[in-house]
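Undergrad: What follows is each chain in one-letter form.
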Amino acid sequence: MQFPSANGIKRPVRCGEGTRNFAYESLGHKYGLQCRETPGVELRGEFDDPLKKHDAAIRAICEQAPVRICEGELISGSATLGNAIKHVIPADHNGAPVFMSMSHLTADFFTPVNEGLDSVREAALASYEKYKGTEKEAFIKSCLSVLDSFDIWHKRYLDALRDKPEYRANYEALLRVPHKPARNFREAVQSLWFCFAFLRLCGNWPGIGRIDVLLGPYLKKDLDSGALTLDEAREILAHFFIKGCEWICGGDYGSGDAQHYQNIVISGIGDDGLDVTNEVTYLVLDIIEEFGISDFPTSVRLNTRSDEKLVRRVAEVMRYGGGVLAVYNEDLIIRSLVSYGYPVSEAVKFANDGCWEVQIPGKTYFTYCPYDFLQLLQHNTLKDYSPDVDFPDFETLYRAYLSDVKALLDGLCDAVRGRFVSENPWVWRPEIPCTAVSLFEQGCVEKGLSYLQGGPVYNVISPHVGGLADTVNSLYAIKRLVFEEKKLSWREFAAVLRDNWEGNEPLRQYVLNKYEYYGNDSDGADMLCRRFLSDFADLCGTLDGRTGYRFPGGVSTFGRQLEWAPHRLACPYGRKKGEILAANASPAPGTDTRGATAMIRSYCKNDLGKLPVGAALDVKLLPSCTAGDEGLDALVSLLRGFVTLGGFFMQPDVADAAVLRDAQAHPEDHQNLSVRVSGWNARFVTLNSEWQRMVIEQNECGCGY
Amino acid sequence: MNAAADIELTVTEIQRFCMHDGPGVRTTVFLKGCPLRCAWCHNPETQSPERQLLFYGKKCIGCGACSICQSGAQVFGESRYIDRDKCTVCGRCADVCPASALQISGSRMSVSRIADEAEKDRAFYGEDGGVTVSGGEPFFQPRGLIALLRECRKRGLGTAVDTCGYFDPSYLPDAVPLTDLFLFDIKDTDPDRHKKYTGADPGLIIKNLYAADRLGARIRLRCILVNGVNTDEAHYAGVARIAASLHNCDGVDVLPYHAYAGTKATFLGLPDNGRKEWIPDEDTVRRARLVMNGKL
Numbered sequence: 001m002q003f004p005s006a007n008g009i010k011r012p013v014r015c016g017e018g019t020r021n022f023a024y025e026s027l028g029h030k031y032g033l034q035c036r037e038t039p040g041v042e043l044r045g046e047f048d049d050p051l052k053k054h055d056a057a058i059r060a061i062c063e064q065a066p067v068r069i070c071e072g073e074l075i076s077g078s079a080t081l082g083n084a085i086k087h088v089i090p091a092d093h094n095g096a097p098v099f100m101s102m103s104h105l106t107a108d109f110f111t112p113v114n115e116g117l118d119s120v121r122e123a124a125l126a127s128y129e130k131y132k133g134t135e136k137e138a139f140i141k142s143c144l145s146v147l148d149s150f151d152i153w154h155k156r157y158l159d160a161l162r163d164k165p166e167y168r169a170n171y172e173a174l175l176r177v178p179h180k181p182a183r184n185f186r187e188a189v190q191s192l193w194f195c196f197a198f199l200r201l202c203g204n205w206p207g208i209g210r211i212d213v214l215l216g217p218y219l220k221k222d223l224d225s226g227a228l229t230l231d232e233a234r235e236i237l238a239h240f241f242i243k244g245c246e247w248i249c250g251g252d253y254g255s256g257d258a259q260h261y262q263n264i265v266i267s268g269i270g271d272d273g274l275d276v277t278n279e280v281t282y283l284v285l286d287i288i289e290e291f292g293i294s295d296f297p298t299s300v301r302l303n304t305r306s307d308e309k310l311v312r313r314v315a316e317v318m319r320y321g322g323g324v325l326a327v328y329n330e331d332l333i334i335r336s337l338v339s340y341g342y343p344v345s346e347a348v349k350f351a352n353d354g355c356w357e358v359q360i361p362g363k364t365y366f367t368y369c370p371y372d373f374l375q376l377l378q379h380n381t382l383k384d385y386s387p388d389v390d391f392p393d394f395e396t397l398y399r400a401y402l403s404d405v406k407a408l409l410d411g412l413c414d415a416v417r418g419r420f421v422s423e424n425p426w427v428w429r430p431e432i433p434c435t436a437v438s439l440f441e442q443g444c445v446e447k448g449l450s451y452l453q454g455g456p457v458y459n460v461i462s463p464h465v466g467g468l469a470d471t472v473n474s475l476y477a478i479k480r481l482v483f484e485e486k487k488l489s490w491r492e493f494a495a496v497l498r499d500n501w502e503g504n505e506p507l508r509q510y511v512l513n514k515y516e517y518y519g520n521d522s523d524g525a526d527m528l529c530r531r532f533l534s535d536f537a538d539l540c541g542t543l544d545g546r547t548g549y550r551f552p553g554g555v556s557t558f559g560r561q562l563e564w565a566p567h568r569l570a571c572p573y574g575r576k577k578g579e580i581l582a583a584n585a586s587p588a589p590g591t592d593t594r595g596a597t598a599m600i601r602s603y604c605k606n607d608l609g610k611l612p613v614g615a616a617l618d619v620k621l622l623p624s625c626t627a628g629d630e631g632l633d634a635l636v637s638l639l640r641g642f643v644t645l646g647g648f649f650m651q652p653d654v655a656d657a658a659v660l661r662d663a664q665a666h667p668e669d670h671q672n673l674s675v676r677v678s679g680w681n682a683r684f685v686t687l688n689s690e691w692q693r694m695v696i697e698q699n700e701c702g703c704g705y
Numbered sequence: 001m002n003a004a005a006d007i008e009l010t011v012t013e014i015q016r017f018c019m020h021d022g023p024g025v026r027t028t029v030f031l032k033g034c035p036l037r038c039a040w041c042h043n044p045e046t047q048s049p050e051r052q053l054l055f056y057g058k059k060c061i062g063c064g065a066c067s068i069c070q071s072g073a074q075v076f077g078e079s080r081y082i083d084r085d086k087c088t089v090c091g092r093c094a095d096v097c098p099a100s101a102l103q104i105s106g107s108r109m110s111v112s113r114i115a116d117e118a119e120k121d122r123a124f125y126g127e128d129g130g131v132t133v134s135g136g137e138p139f140f141q142p143r144g145l146i147a148l149l150r151e152c153r154k155r156g157l158g159t160a161v162d163t164c165g166y167f168d169p170s171y172l173p174d175a176v177p178l179t180d181l182f183l184f185d186i187k188d189t190d191p192d193r194h195k196k197y198t199g200a201d202p203g204l205i206i207k208n209l210y211a212a213d214r215l216g217a218r219i220r221l222r223c224i225l226v227n228g229v230n231t232d233e234a235h236y237a238g239v240a241r242i243a244a245s246l247h248n249c250d251g252v253d254v255l256p257y258h259a260y261a262g263t264k265a266t267f268l269g270l271p272d273n274g275r276k277e278w279i280p281d282e283d284t285v286r287r288a289r290l291v292m293n294g295k296l
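Going line by line, the protein sequences match chains A and B.
The first sequence runs 1 to 705 under my numbering.
The second sequence runs 1 to 296 under my numbering.
Because the hints were derived from the structure by calculation, they are not lab data.
Everything numeric in this text was worked out from a predicted model, so none of it was measured.
Note that the Cβ used here is the ideal one computed from N, Cα and C, for glycine as well.
Warning: the hint list may mix true and false statements.
[Claimed, not checked] Derived, one-sided and incomplete: chain A residues facing chain B with beta-carbon distance under 8 Å:
#1 E505
#2 N513
#3 D521
#4 G595
#5 A598
#6 G631
#7 D633
#8 L638
#9 L645
Kindly produce the complete structure, drawing on both the sequences and the hints.
TA: Right under this line is the structure:
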């Protein structure tokens with residue numbers, strides 16, 4: 001039984017044979033394939049109201065979804081319907097899925113685990129009294145209906161477990177949770193899992209959030225009283241991770257089969273400003289290290305005071321590759337959230353949307369809007385390099401581009417207005433029913449509004465810059481070549497670009513080799529990047545207050561550089577039409593030649609605090625440069641430096657392009673080899689060939705000498 | 001600005017994020033000029049103290065921009081080459097070469113500018129990392145080296161010197177207190193082979209090693225491993241004896257020969273002298289590492 005690693009180092013064995021077997025089978029698609037056999041339930045009859053149709057679907061799912069008890073499992077509950085893996089509510093009506101489902105949120109699991117799900121029902125009953133006879137009554141009724149359905153599903157598990165002595169502990173835990181507050185670690189893990197599994201059963205893909213903050217106190221109590229040993233606790237938590245792989249089916253998924261936005265966040269400071277790192281933090285790292293499970297991408301909240309023991313442990317686990325661990329610099333992020341307007345007490349709680357975009361968990365509606373900013377420059381500002389466009393100087397060009405960015409953002413804001421019935425006061429339109437997640441989002445039940453109708457405490461739509469490095473590099477090359485060195489006029493240069501550099505190889509080589517672009521710690525390009533991101537953030541700020549949403553900016557591509565490539569023209573910095581360009585806030589492939597530290601410095605020169613949702617930096621490291629004690633030291637230094645310099649979010653990935661190429665040729669030997677794509681991981685063999693090629697190319701530009 | 005910080009050194013490259021040139025993350029400064037002529041030299045462009053023209057044939061797009069050459073050194077035609085006898089290393093061709101196929105190796109940089117470069121990665125050095133001065137032979141530019149070490153020390157940057165050991169011992173008393181760690185090469189313990197493959201007698205090297213040791217230097221030995229040349233037990237044992245006899249030895253690094261060294265020579269217009277048979281296999285490297293570190 002081998003769990004793969006990028007550098008050939010054998011992963012340690014801590015869990016028992018049964019748990020390891022369970023992991024091996026789960027990672028080997030056993031449960032995912034079972035899910036596929038039961039894609040969903042069928043709804044009959046006609047519905048005059050979407051909410052009623054939704055409630056009927058949830059009820060049918062809870063009544064009919066197969067109950068699955070995996071051999072030896074320490075916690076129970078399973079999301080067994082295959083269509084949930086397709087991001088829809090797994091119920092069909094007249095041959096089509098009833099409704100889409102929700103993702104990009106971290107649900108509030110603190111309330112059910114700590115206070116019991118009954119407290120949610122009580123709140124719903126109180127809201128019912130409050131909103132009875134108003135237009136909000138229907139939503140509250142839906143809340144109560146979904147809670148009833150939940151109870152049906154819960155009871156089916158109790159029935160299935162009751163007469164099985166080997167699952168006695170599971171049964172007893174479920175007798176209490178999630179309805180009542182958990183009393184010990186096992187109940188807490190069971191409660192968390194059961195709520196998570198319920199949301200997934202209904203098709204949603206929630207993130208987990210700060211698991212060590214949630215579970216740590218329960219474990220401490222059990223360890224102190226001697227009710228549980230650390231090894232026993234590790235097994236229980238491992239089952240949470242292993243069961244979280246129950247949607248893995250293998251096969252060709254394009255962007256990979258392990259991206260259900262189920263991110264976990266560990267470490268960082270708590271409400272009192274003190275470090276929350278506890279035994280659960282280290283158990284999470286142990287489990288990732290032993291199994292390399294990539295389905296719960298895990299982000300570590302680091303700060304300048306993070307314990308050396310933690311940082312080294314993180315680096316150790318990172319070295320196995322797979323890109324499972326990423327890091328936040330919480331010093332910057334908390335400051336950023338506070339200056340954006342969140343109270344400090346909320347900012348310190350930050351987690352993500354299940355990917356890496358920062359949000360206040362359990363109380364935020366979140367969506368992001370990705371834009372190809374390179375295409376915006378090429379198409380809108382430079383008019384596809386039309387001979388009719390000219391600019392007297394760089395500032396004029398830059399300002400023209402900014403006004404195009406402004407138009408884009410204003411357009412987004414105008415489109416968002418369509419979500420409201422009236423503007424003063426802001427009244428949300430009825431939306432797609434999404435009661436299940438609404439029950440796990442603070443604000444919804446209280447306000448009588450669903451997750452999509454402004455129910456959550458915070459409502460966020462984040463415009464994202466895609467193609468950052470390509471845009472900045474393009475602007476920089478034009479600035480240098482046309483306006484500073486005056487080697488040729490803009491009209492002449494536009495003609496060269498229109499022809500895709502055809503017949504102008506020396507000029508192309510010149511811009512490729514003679515200028516230092518973003519990512520080389522060279523102020524020319526880096527400061528242009530800083531200026532642009534700062535202007536972008538300011539423009540985002542002008543949208544706030546215009547609707548019931550806020551619009552904090554971010555930087556991402558999430559692999560969209562692949563789908564954008566065919567629509568992009570030749571780039572002024574030497575790239576030809578259709579090339580796959582930069583990812584996230586990382587340098588353009590092949591343009592960064594000064595190593596990881598220079599890249600991190602370039603990234604950190606940006607005023608990242610103005611982008612409260614975040615900007616991700618991917619750092620590809622070769623296994624050779626993380627080998628041995630020196631390599632471990634180097635990785636620790638990279639993490640520390642990233643925090644010291646004021647980074648936001650970094651996804652280091654240790655991978656060897658040669659190993660990835662072997663996996664391409666012999667997928668059967670590398671079933672569980674995972675790579676970091678963006679806020680998620682993918683099992684490499686489940687990426688389609690285009691994605692595989694992109695990942696390999698990125699890794700061939702890996703850092704390290 | 002003080003005069004010492006203005007002293008200039010001839011540098012071939014400043015490489016950041018180096019993990020294998022001393023502890024922690026390091027910025028390695030490669031200085032030009034070396035007294036040895038090792039047959040396996042991995043940085044042939046650092047041997048000569050003079051500026052040199054490098055030509056990377058694979059990058060050349062044949063645009064002919066370099067025909068601006070005034071001395072007739074750039075020879076075009078079916079076999080494009082550089083007439084190195086005529087080349088004055090004026091650097092004009094490198095300036096205009098759009099593909100950076102032509103590059104000048106060796107630029108003069110002041111001590112303060114080098115330290116400024118090293119300063120950039122300060123956030124990554126932690127307690128262990130810092131600057132490593134390598135080459136070439138750092139002591140080939142002794143005054144500049146000592147000024148650079150002093151400047152780094154003044155700025156609180158860690159210092160290491162990677163030396164072949166062949167230099168004027170009179171500089172050691174100044175250098176040792178400014179250097180946190182010496183990476184001291186012992187290329188061969190067999191005097192005849194040493195002379196044959198490096199062109200120099202090892203006597204001075206060993207003398208300098210012990211002189212540094214007596215001055216209190218912390219030393220890590222660095223041993224190139226060339227298959228069939230110095231892969232014998234006597235040499236391993238010799239290195240182990242030396243390591244054991246030092247007062248403050250940090251251990252022995254074994255550096256296996258790499259054939260890329262030969263490719264680098266071609267950029268200088270020299271034949272590719274890389275020798276595959278010199279690459280030691282993994283078992284050999286492992287054994288050398290154990291014996292030299294006194295673990296076998």
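Undergrad: Grab the minimum C-beta distance from L638(A) to chain B and call the hint holds if it beats 8 Å, violated otherwise.
TA: At about 7 Å, which falls below the 8 Å cut-off, the nearest Cβ of chain B leaves the hint on L638(A) intact, so it holds.
Undergrad: Is the shortest C-beta separation between E505(A) and chain B less than 8 Å?
TA: Holds - the Cβ of E505(A) comes within 8 Å of chain B, reaching about 5 Å at its closest.
Undergrad: Let's test the interface hint: is any C-beta of chain B closer than 8 Å to that of A598(A)?
TA: Since chain B brings a Cβ to about 6 Å from A598(A), closer than 8 Å, the hint holds.
Undergrad: Can G631(A) be said to touch chain B, with a Cβ gap under 8 Å?
TA: 6 Å, holds
Undergrad: A closest beta-carbon separation below 8 Å is what the hint needs, so does D521(A) meet it against chain B?
TA: 6 Å, holds
Undergrad: So, as I understand it, the hint says D633(A) touches chain B; can you test that by seeing if any CB pair is closer than 8 Å?
TA: Since the shortest Cβ distance to chain B is 5 Å, the answer is holds.
Undergrad: Is the interface hint for G595(A) satisfied, with its Cβ closer than 8 Å to some Cβ of chain B?
TA: 4 Å, holds
Undergrad: Checking hints one by one. Is L645(A) an interface residue toward chain B, by the C-beta closer than 8 Å rule?
TA: Interface hint status for L645(A): holds (5 Å vs cutoff 8 Å).
Undergrad: Does N513(A) pass the interface check with chain B, least Cβ-Cβ distance below 8 Å?
TA: 4 Å, holds
In the structure shown, no violation is registered for any of the earlier numbered hints.
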